[in-house]
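Residues per chain, in single letters:
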Amino acid sequence: MYAKIKLHQKIIIQVVLLALALLWLAPLTVAVVKSLDINGLGNYIAVLQHPKVHLGRVVFNSFFIATTTTLLLVVIVSLAAFAFSKMDFPFKNILYYALLVCLTIPIASVMTPLFVTVRSFGLMNTYFSLILPIAAFQAPFLLLILRNYFDTIPNDLLEAATIDGASSLQVLYHIMIPLGVPALVNIMVLGFVNSWNEYFIPLLFVRKEELYTVTLAATYFTGSKFQTPEMVAQLYATLLIITIPSIVFYLFTQRYMQEGLTAGAVKS
Amino acid sequence: MASTEQVSLAHSHPRTGHKRFKWSRLKPFLFILPVLLLSGLFLYYSIGFTVYISFHKWDGLNPDMTFVGLDNYKRLFADRVIRQALWNHLRYFVLGVGLQTIVGFFMAVLLYARLPFHNVFKAIFFMPVVMAPIIIASIFRILLDANFGTVNEILRFLHLDFLALPWLGDPTNALWSLVMVNVFEWSGLTMVLYYSGMLSIPREIYEAAKIDGANFWQMITRITFPLLNGQTSICIILGIIGSLKTFDIVMQMTGGGPGIATEFLNTYLYKKYVNEFNAGYSAAIGMLILVLSMTLSIIQLKLYDRSRIDR
Chain E
1 MYAKIKLHQK IIIQVVLLAL ALLWLAPLTV AVVKSLDING LGNYIAVLQH PKVHLGRVVF
61 NSFFIATTTT LLLVVIVSLA AFAFSKMDFP FKNILYYALL VCLTIPIASV MTPLFVTVRS
121 FGLMNTYFSL ILPIAAFQAP FLLLILRNYF DTIPNDLLEA ATIDGASSLQ VLYHIMIPLG
181 VPALVNIMVL GFVNSWNEYF IPLLFVRKEE LYTVTLAATY FTGSKFQTPE MVAQLYATLL
241 IITIPSIVFY LFTQRYMQEG LTAGAVKS
Chain R
269 MASTEQVSLA HSHPRTGHKR FKWSRLKPFL FILPVLLLSG LFLYYSIGFT VYISFHKWDG
329 LNPDMTFVGL DNYKRLFADR VIRQALWNHL RYFVLGVGLQ TIVGFFMAVL LYARLPFHNV
389 FKAIFFMPVV MAPIIIASIF RILLDANFGT VNEILRFLHL DFLALPWLGD PTNALWSLVM
449 VNVFEWSGLT MVLYYSGMLS IPREIYEAAK IDGANFWQMI TRITFPLLNG QTSICIILGI
509 IGSLKTFDIV MQMTGGGPGI ATEFLNTYLY KKYVNEFNAG YSAAIGMLIL VLSMTLSIIQ
569 LKLYDRSRID R
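Chain order of the listed sequences is E and R. Residue 248 in our numbering sits at position 248 of the first sequence; the count goes up by one each step and never skips. If you want our numbering, it's the position in the second sequence, counting the first as 1, plus 268.
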């Protein structure tokens, strides 16, 4: 398509890309500039000393929830993907598709049962009330990705290992997991990002400020009216403080993120 | 993305006569038990409970529920807010996906020239996909504020006061604002899908077309875009699913307003339960969403299974 590309065409392409990039960076740039209005870095110091919502705690909460959810998901999805991919058992396809048909259910559609269940177990305002539902809603999608990848690992390898007397858990641990690393990285990225960004479940189950996630903190601070430029500056400062961790994380892992987040759309 | 050549052995063997390894009978169930308990039980219990609630009048708190038969569903089909919400979903999806596809494809074509810094540009365009929608919505809510918003400040500075509109306070503008935020957020995903698709198109095809006298524009419209049909249908289905899941951005930017102008099914359902304690009606709306989303899951699975062959 670009067999012999001339210099002026190269310049046009670069200029258009640069213009688009500036447009895409504009919201964050405005946020950074505005967050320094009037008091400069003082705005950041002020919001970090907020009496009710401690931003360090907020970031920690999101990090903790996203990490635990991801670890839980990796373990249970690996086990299930292995069984669905490499074992034969009754009702296999029925069970598999029963899970997958829940792939795209919006959490909001079942909010009443969720709320009633979590409340009746006394789990409101606990990490559990966030980790378990977030993991439950993500598992089918991650299972789809990992199972399809496991399907591409030749059965001969497993047969050789079982003849040598390896147990099924050993096969999973010593063959499937090492060979499945690309897909495992994808589901970890997907699980982490989706858990970090989850808004609806914390909105339902968290009422205490100590348990606020970054998503809840964002609405907490924008909920109040911002009347003065100083308040706008502090609001931007807050949003940036809680966004910076995910941006930094993205900069270091962007290749995996791009692969991971598209892995759900097409087969590897 | 990893090699596309491998074909699963599990599927290539004829089902009959293929000897699997000898696992004990119970073992497979132990492996899938955690997922079944967590997702299966959780999701199906919630779905079943939603069905049950949808036939009742209930405040969602007290134990007493009154059976009302199909009343909630009758109301659902007569409710003009539901019609408005469905219309909003449709517009949000058609405008959003249309623009995302065009913008994402355009970005991918430009990146495909693989000039210096193309990876930097790609990283910038993809970044919003990774950020929390609620945070993006928060930033845009301040940017688009009629009085304090930077967008209107810039327009006034340029003496374009007539363009400094209430972006979120006017019914038409509000929906367009939501669509634009959606495009900003998700074009990067479309771009990466198209870009990785383009890399898998053999260069010989373009060379042959060049010999036949095709120009750049013809190559894009007659070769690249048609060959990436699979990607386009994936973008469309992901767009419909995304539209059906829409909650965060709407809640944060317009709250469904002004009036019911940007009400969506999820926001309406949420308000019915949380503000009006109408769990029964809320569940009936939930049923509508569930039926739509499960149908979409099936379509997505079909497309997903085909994507391996397409590429």
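FYI, nobody ran anything at the bench for these hints, they're computed from the structure. Misleading hints may appear alongside valid ones.
Claimed, not checked - Result set (DSS-like, lysine-lysine): computed pairs, CA atoms no more than 25 Å apart in a straight line:
id	chain 1	residue 1	chain 2	residue 2
1	R	295	E	92
2	E	208	R	539
3	E	6	R	478
4	R	570	E	92
5	R	342	R	325
6	R	478	E	10
7	E	4	R	539
Said to hold, decoys possible - What the simulated footprint calls covered on chain E by chain R, stretch by stretch (three residues with Cβ under 8 Å from a Cβ of chain R suffice, anywhere in the stretch; the number is not a length):
id	stretch
8	38-48
9	254-263
Claimed, not checked - Quick list of simulated restraints, FRET-style, between CB atoms:
id	chain 1	residue 1	chain 2	residue 2	range
10	R	494	E	8	26 to 32 Å
11	R	481	E	181	17 to 23 Å
12	E	164	R	448	55 to 61 Å
13	E	40	R	494	31 to 37 Å
14	E	154	R	523	20 to 26 Å
15	R	485	E	163	25 to 31 Å
16	E	165	R	385	51 to 57 Å
17	R	490	E	16	20 to 26 Å
18	E	120	R	468	49 to 55 Å
19	R	384	E	120	16 to 22 Å
20	E	229	R	477	55 to 61 Å
Glycine included, C-beta positions come from ideal geometry on N, C-alpha and C.
Quick rundown of the hints versus the structure:
1. A distance of roughly 13 Å separates the Cα atoms of residue 295 of chain R and residue 92 of chain E; the hinted pair therefore holds under the 25 Å criterion.
2. Among the hinted pairs, residue 208 of chain E with residue 539 of chain R is consistent with the structure: their alpha-carbon atoms are about 21 Å apart, no more than 25 Å.
3. Restraint check: the Cα-Cα separation between residue 6 of chain E and residue 478 of chain R comes to about 16 Å, which is no more than 25 Å; the hinted pair holds.
4. With a C-alpha separation of about 18 Å, the suggested pair residue 570 of chain R and residue 92 of chain E falls inside the 25 Å cut-off, and the hint holds.
5. Restraint check for residue 342 of chain R and residue 325 of chain R: satisfied, since their Cα atoms lie roughly 13 Å apart, inside the 25 Å limit.
6. Of the supplied pair hints, the one linking residue 478 of chain R and residue 10 of chain E holds, its CA atoms being roughly 19 Å apart against a limit of 25 Å.
7. For the given pair, residue 4 of chain E sits about 58 Å from residue 539 of chain R by alpha-carbon distance, which is inconsistent with the 25 Å threshold.
8. Look at the stretch 38-48 of chain E against chain R: 0 of its residues bring a Cβ nearer than 8 Å to a Cβ of that chain, fewer than three, so the hint is violated.
9. Check on the stretch 254-263 of chain E: 7 of its residues sit with their Cβ under 8 Å from a Cβ of chain R, so the three-residue criterion for coverage holds.
10. As the Cβ distance of residue 494 of chain R to residue 8 of chain E is approximately 29 Å, the hint placing it in 26 to 32 Å holds.
11. Checked against the given bound of 17 to 23 Å, the beta carbons of residue 481 of chain R and residue 181 of chain E, roughly 47 Å apart, lie outside it.
12. Judged by the Cβ atoms, the range 55 to 61 Å given for residue 164 of chain E and residue 448 of chain R holds: they are separated by roughly 59 Å.
13. In this structure, residue 40 of chain E and residue 494 of chain R break the distance hint of 31 to 37 Å, their C-beta atoms being roughly 54 Å apart.
14. For residue 154 of chain E and residue 523 of chain R, the hinted distance range of 20 to 26 Å is not satisfied, since their beta carbons lie about 54 Å from each other.
15. Between residue 485 of chain R and residue 163 of chain E the Cβ separation comes to about 59 Å, which falls outside the hinted range of 25 to 31 Å.
16. Between residue 165 of chain E and residue 385 of chain R the beta carbon distance is about 54 Å. The supplied range of 51 to 57 Å therefore holds.
17. Distance hint check: the CB atoms of residue 490 of chain R and residue 16 of chain E are about 22 Å apart, consistent with the given range 20 to 26 Å.
18. Here the CB-CB span from residue 120 of chain E to residue 468 of chain R is close to 51 Å, well matched to the stated 49 to 55 Å.
19. Residue 384 of chain R and residue 120 of chain E have their C-beta atoms about 59 Å apart, which leaves the hinted 16 to 22 Å range violated.
20. Between residue 229 of chain E and residue 477 of chain R the Cβ separation comes to about 57 Å, which falls inside the hinted range of 55 to 61 Å.
Violated hints, in rising order: 7, 8, 11, 13, 14, 15, 19; the structure is consistent with all others.
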